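> Model the full assembly from the supplied sequences, consistent with the hints where possible.
This is what each chain is made of:
2 protein chains.
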Amino acid sequence: MSPIENLTRELGKLPGVGAKTSLRLAYHLVKGPRDNLRRLASALELVADRVHPCPACGNYCDAELCPVCGDPSRDREVICVVEEAYEVGAIERAGRYRGLFHVLGGRLSPLDGIGPDELAIDALVQRLDTAGGRVKEVILATNASVEGEATAVYLEGVLRAYPVRVTRLARGIPVGSDLEYIDGTTIAEALDGRREM
Amino acid sequence: MSPIENLTRELGKLPGVGAKTSLRLAYHLVKGPRDNLRRLASALELVADRVHPCPACGNYCDAELCPVCGDPSRDREVICVVEEAYEVGAIERAGRYRGLFHVLGGRLSPLDGIGPDELAIDALVQRLDTAGGRVKEVILATNASVEGEATAVYLEGVLRAYPVRVTRLARGIPVGSDLEYIDGTTIAEALDGRREM
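So the protein sequences, as listed, match chains A and B. What the first sequence shows, in our numbering, is residues 101 to 297, in sequence order. What the second sequence shows, in our numbering, is residues 101 to 297, in sequence order.
Hints are supplied without guarantee of correctness; some may be wrong.
Identical copies go unnamed one by one, so any copy, or any two together, can satisfy a pair.
Distance condition first, Cα-Cα at most 35 angstroms in a straight line; then the derived DSBU-like pairs of lysine-lysine [said to hold, decoys possible]:
| id | residue 1 | residue 2 |
| --- | --- | --- |
| 1 | Lys-236 | Lys-131 |
| 2 | Lys-120 | Lys-236 |
| 3 | Lys-236 | Lys-113 |
Keep in mind the hints are simulated off the structure, nothing from the lab. Here the structure is a predicted model, which is why all the values come from computation and not from measurement.
As structure tokens, this is what we get:
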């Protein structure tokens, strides 16, 4: 296999990158300056060498703890549970949340063979045990999909044994969108969850 | 910048990879086995270290000459001119062509500041000079786009000074397609180029 074929094969393993795209990417990289190839290669190596899950919350980090867990100003009474590490960034960018996170590493999906044991649910329970009542609220921020919902319901059952408030992100109309294009289930949820102005 | 942000930024430089896709790719890589990261990194390094344009035709290769130019069984009387190196593969996979190639490295596109000097046209002329009449035919296999067509017309003008047959890939109905979905210009070209059965 030539170096280009080899690169094409490796790029083709990325999600959403098929045979044609990987070829196009490989030739784009070959045609560009060598430095671009080397910078991407060392970015990959750096991640391989340095990034690991935060031992506290499961988010990825390159220090002992992730930036959130390591920040003494964060509110340790609230834990926001997300499916995947990249969702931490989505919530952080919103700029509203000051508590901690917990990354499950996926969602319950029996068809894909993902049960409770495949997710970091034991780790969450252990965090609550270790905190000894200092955690007052767990926000379930799993996705609004069928699997995310099932995961939230399962977690709610597990957390019932703990003296914590268990909440779920509000459902409703996304900011900036037209009612016309919103599905009925979302509108129904938005009506149920309506608030005083 | 964290290693993940760094990787996301580098991936975001790939064509067709926006902010969301690069984040998704980065987290996919972080979540997978370290080996996948390292294999992709070394595939990139290998290309950076070893791949260079073939001094004869401009195709990319990792040997002294590209596999086509280095193959003594190829017909040295025919040169097929393509815009980009990855188009060599498309023609090779068709399995019909036994001649050599010449990679222009682009197409004439005045709006993008790409004139004749930016393409390997001098190199093509030099090849014909060096071959001293041994090249009998130049096939213009630039794309069937406006720019590809303009490039072919320009090359035809340049090559008129040489005693070579200058041909262009046939236009017509692609194999396996329905007439219903073919544009009128293509059908007109297919009529013009019709052949005895």
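> A separate judgement is required for each hint: does it hold in the structure or not?
Hint check:
Taking the shortest Cα distances, Lys-236 and Lys-131 sit within 35 angstroms of each other only across copies (30 angstroms), while inside one copy they are farther apart (56 angstroms). Proximity of Lys-120 and Lys-236 under a CA criterion of 35 angstroms is satisfied inter-copy only: 33 angstroms between copies versus 51 angstroms inside one chain copy. Proximity of Lys-236 to Lys-113 under the C-alpha cut-off of 35 angstroms is found in neither arrangement, the shortest distances being 43 angstroms within a copy and 43 angstroms between copies.
In this structure, the one hint that does not hold is number 3.
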